[in-house]
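Asker: Residue numbers (my numbering), protein chains in the order written: chain A, 3 to 283; chain B, 7 to 161; chain C, 250 to 1025.
Hints in this document: simulated from the structure, not taken from any laboratory. You may find that some hints are simply not true.
To be verified - Over 12 Å on every C-beta distance to chain B, these chain C residues come out as not near it, computed from the model:
hint, residue
1, Leu286
2, Gly324
3, Glu386
4, Glu488
5, Leu537
6, Asn653
7, Ala685
8, Glu822
9, Asn842
10, Thr947
11, Tyr949
What the hints assert, rightly or not - Derived coverage of chain A by chain B (criterion: at least 3 residues anywhere in the stretch with Cβ under 8 Å from a Cβ of chain B; other residues may be distant):
hint, region
12, 41-49
13, 114-125
Ideal Cβ positions, reconstructed from N, Cα and C, are used throughout, including at glycine.
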Amino acid sequence: MIPQNFEYSAPATLQEALQLISGGECKVMAGGMSLIPLMKLRLAAPEHVVDLGRVPGLNSISESGGVVCIGATATHHDIESSPVIRGRVPLLAEAASHIGDVQVRNRGTLGGSIAHADPAADYPASLLALEAKVRLVSANSDRTVEAADFFLDPFTTAVESGEIVLEVLVPIEEPREGYRYEKVPHPASGFAVVGVAARIKKAGGKTTLARIGVTGTGPRAFRALAAEKLLESGADVATAAAAVAEGQETNADLYASAEYRRHLTRVWAARALTLALSRAS
Amino acid sequence: MKVSGSYLITVAQQRAYELLQDPVVLGKAMPGCDTLERVGEHEYRMKMKMVMASISGLFDGKVRIADLQPHSSFRLIVEGSGKIGFMKGDGLLHLIPAEGGTNVQYEGNVEVGGTIAAVGQRLLDTTARMMIKRFFEKLSAEAAVSATSSPAAKI
Amino acid sequence: MATITSKPETLVGKRIRRREDPRLITGTATYLDDLKLPGMHHACVVRSPHAAARIKNINVKPALELPGVVAVFTGADVKEVGPVPCAAGLPGLRVPHHHILAQDRVYLVGHPVAVVVATDRYIAADAADLVEVDYQELPAVADPEKALAPGAPAVHPQWPDNVAFTFHQEGGDTAKAFQDAEVVVKQRITSQRLIPTAMETRGVVADWKAGEKSMTLWSSTQVPHLLRTLLAGMLGMPENRLRVITPEVGGAFGSKLNVYAEEALMAFISMRIGKPVKWVESRRENFLCTIHGRGHVDYFELAAMRDGTILGMKLKLIQDLGAFLQLLTPAIPTLSVLMMPGLYKFKNISADIVGAFTNCTPTDAYRGAGRPEATHGIERMVDILAAELKMDPAQIRLKNFVDNDAFPFVTATGLAYDSGNYALPLNTALAEVDYASLRREQQQARQQGKLMGVGISAYGEICAIGPSPATPAGGWESATVKIEPSGKVTVLTGTSPHGQGEETTFAQITADELGVDIDDVLVIHGDTSIVQYGIGTFGSRNTAIGGTALYYALQELKTKIKKFGAVLLDVDEVTLVGGVCVDEKSGRSVSFNQVAAAAYRALKLPPNTEPGLVATHFWEPPNFTFPFGAHIVVTDVDRETGQVSVRRYVAVDDCGKIINPLIVAGQVHGGVAQGLGQALWEQAVYADNGQLLSGELTDYALPRAHMMPWIESSHTITPSPVNPLGVKGVGEAGTIGCSPAVVNSVVDALSPLGVRHIDMPLTPEKIWKLIQEGRA
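Construct the complete structure from the given sequences, taking the supplied hints into account.
Answerer: Okay, structure coming up:
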């Protein structure tokens, strides 16, 4: 539980931070909830840690032009308790409230979590269902990628060397839409064995829009496009839920085999969709 | 942990067989492989740097090819150990001519030990599959390159 | 002379807040890792990543070259130290020589192969990474039944069958019981390996003073005196020159009832480098190198009549010992055999134990130590029998309980149950849950396709361990009470509490007996230079044995106080009321403080009486104590996912007289939490190659506060006749009563699907699969 020596920088401005990391060989840290345990286990041994925690304004949460902007270092607690997020993108607040425990939610950040890209993290399901975008900046670039193009593989994202996650841009949910994040937490780690985020819009009793993001089930979070289409073309929840994990590679571990995970995905997708439907008006 | 699957490589069976045993190609395809140095008949010493997100580790290992059945099958044994643990993969590869190239079917066993086994259990299966996928993707890319240039020119 | 002030009420039996808690919850207590000594060095142990391997070569040079590293030791350096002791003796027991560092071979993942000593812990950890060990891997075996199968890899090459011992015990006439039986039920039942996971890992600081030729060793242990004796032997040093101190111990649950390689290793290092040295176990090391618990595969057979009368029981017990025998490793399954009849009166048992070596962490005492396994077995078997006979599980228990007039009841295994009223807690619990209406509700739930279960366990346990002949190192306990000249009272107990609350309960007993204010009593433990020899804390023994030793020391002192009181009042006899010596005839009195001062001033001594007010008592118990109780658990199983939720948890425990209900409640809650952990979540999982896959808290599922049900805890009180306090012990009751009640409840829920037994932990996937099979 003793990490290797490392150099530590806590830049006071974004420019300084981007300069520091432009060289490559360093690890960016936000809340440290994933990085520090790995360093203590010596599974990670970065020579240089750049802590974004003191960059002012990087944790701001604001709304403009139909989009909620969440700074990378906003903590899970900030997100679950923010009036803007609770009011405008309540699905994300609901997802944040399921992460880890109180201590982790007080330290851990949105940017840190998505950049780490644990295949069982909670946020990706909601960000996919919300069709969020991630803004990435480096010393000489500034680009925005769709959530769907951000999560590539386990622990692998679209973030390039020298880049950091600056903010996450989430289109606001319409007040009349229904949403739900359901999760089966691992009894030890709290990670999602399966996590399903659902959004539903209804008009005239019909589902006009369905968005389903799934985490934990496969090597990366995914959107259940086939299931969304089924719902939008009038299929019932059970039929759609059965299609959620179809064709997806499925994880297996000591707690849940691939077969059981697929089953859980179906069950919890159905439960999330049912609740989202009941909330939609 | 058992692993199995198959991957289509877009070259003919014999070429696929050669590629899979070519140390230069193997060195490029093995995820994280820094150096691959011949130490005997079908036996190589390998240095790897595995990087996955924040996790990184240096491994010293061996690659061995055995039970050769040209050009239809062989065993590939990969072993590596480092400060964060060790891993051992032992797989039988079958090369079956298929439409558009060669279908490589693999079946084997992966064992891990040390810290990575003890704390990474949740991710072992996913990671092993990802590594295998990357291996075949690289191999495919090499196959594509080799199809357009002569092997001699590469070595 | 003072006026009489009698203390209005006694403290024993009162919910008094734990006096040790303020320092513990404000971060002002001193744990091992808080210790800092001048010149202290730090050690880091290099451990094997392999479960079985030959050590071909160790290159320590790269580690030694790192600035700040002062020494690296390997097996060759410590060949003469040790071995790590096993105190349990069984006929024919094979005890592998357990070196404190591996010699030419490693036997389990985590086996220490070298130790690096450096000026700070960061350098030590870096240097440990630089030690190059060349291993030749060997085949390993991680499962006890596989280890016993022909052709299995030999854990110790000299014993190719992997059998450490076999042990047979029988009572009555089991063959006849099974002949006479109208029904026999059989079941294989496992009690999985568990990792004790104390909040504080182990740690050692050793400080050798060469000039004084003496060593002070701080260790997070449950048994400071036993550790001193055994460690002195391992090091070949005089016991009186070794001082063992236990600072605050952050939990143990039996895992620190041991002598570990690192304790001797740190002592050795300090002697070699002439400096103090500290080692603190990481959580990874704790999971690999501190003992595990349970690890049973049990084959039970129960013989009965059709009316539910149990005639006899057979057991084949396979104990997963791990690679080495720690202090009590082979003794633990023998405790299971002793308690296998549970609370029932049948007199015919036959048991065979096979102790199997595996390339895993040694098993040893973990909360309950052998009794949870036994209780789980008998309580599962009784439910299986009830199901077979279509009898109500409560009724079958009530029918077979030992009768109230049968105490002391001698069991088929040779124990003498001290006192009991076994139907009382069960009937109390049944009334509390309104059993009849609960069963009606269950019927309705089943009609609606819901899976609801009601599970009962009626447990008995063996506590106050124990009479000396039944223990490997003495079973008595000691207490010294010193009344200081100012009237303040110091209690030195040979027990070593680490969460059990004796700083409070012993102060309650002392305050009541002497009639002093509880704040005037200080309880000291865990320093072999201050406290007279003691045995330590385990087996729910502190209050029953240590408290009794204290009680008798207090009686001696009271006699002496009265003698001084009489002298001071110049009468023949006084009575001691609320700490005040009173001459009943004249009504004159002398206060406690006056007596204390006079005893030390010694101007006027009673006849044949020495100055001072100090008494020491070593108490040897005549028997164990046998607490009992009944737990009822109501569960709901999610038919779609297999997820179990505990709707109600009712615990009615009888631990004899209660000194402090608040502390007893804490023990019940904590015990139930660990019982639920075993029933629902926890398991140490090894891969076939001996790698511990549940090697960290990310995979090993300990119960968390939010996972706990509300525990409805109450008590019946049947005093023990074994000790004058009437107490029995409660440290392990919750754990022992819990797991069979939970499993019985879930099996009951699934019984319409034809499910008869499920092994722990009851993970959702396991249950989901049973539901799938039941449907098919």
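Asker: With reference to the structure, classify each hint as holding or not holding.
Answerer: Against the structure, the hints come out as follows:
Distance check for Leu286 of chain C against chain B: the nearest CB is about 30 Å away, which clears 12 Å, and the non-interface claim stands. No beta-carbon of chain B is positioned within 12 Å of the beta-carbon of Gly324 of chain C; the least distance is around 20 Å. The claim that Glu386 of chain C is not at the interface with chain B is violated, since a C-beta of that chain comes within 12 Å of its own (minimum 9 Å). With a least CB separation of 38 Å from chain B, Glu488 of chain C remains clear of the 12 Å interface cut-off, as annotated.
Leu537 of chain C, annotated as away from the interface, has a beta carbon of chain B within 12 Å; the closest lies near 8 Å. At roughly 51 Å, the least C-beta separation between Asn653 of chain C and chain B is larger than 12 Å, which holds for a residue marked as non-interface. Chain B leaves Ala685 of chain C outside its interface by the beta-carbon criterion, the shortest separation being 45 Å against a cut-off of 12 Å. Separation of Glu822 of chain C from chain B is adequate, the least Cβ-Cβ distance of about 70 Å exceeding the 12 Å criterion.
At roughly 59 Å from the closest C-beta of chain B, the C-beta of Asn842 of chain C stays outside 12 Å, upholding its exclusion from the interface. At roughly 6 Å, the least C-beta separation between Thr947 of chain C and chain B is not larger than 12 Å, which violates its mark as non-interface. Listed as a non-interface residue, Tyr949 of chain C fails to keep its Cβ farther than 12 Å from every Cβ of chain B; the least gap is roughly 10 Å. With a threshold of 8 Å between beta carbons, the proposed coverage of the region 41-49 of chain A by chain B holds, since 7 of its residues qualify and at least three are required.
Counting residues of the region 114-125 of chain A whose C-beta lies closer than 8 Å to any C-beta of chain B gives 4; at least three are required, and the coverage claim holds.
In summary, the numbered hints that this structure violates are 3, 5, 10, 11.
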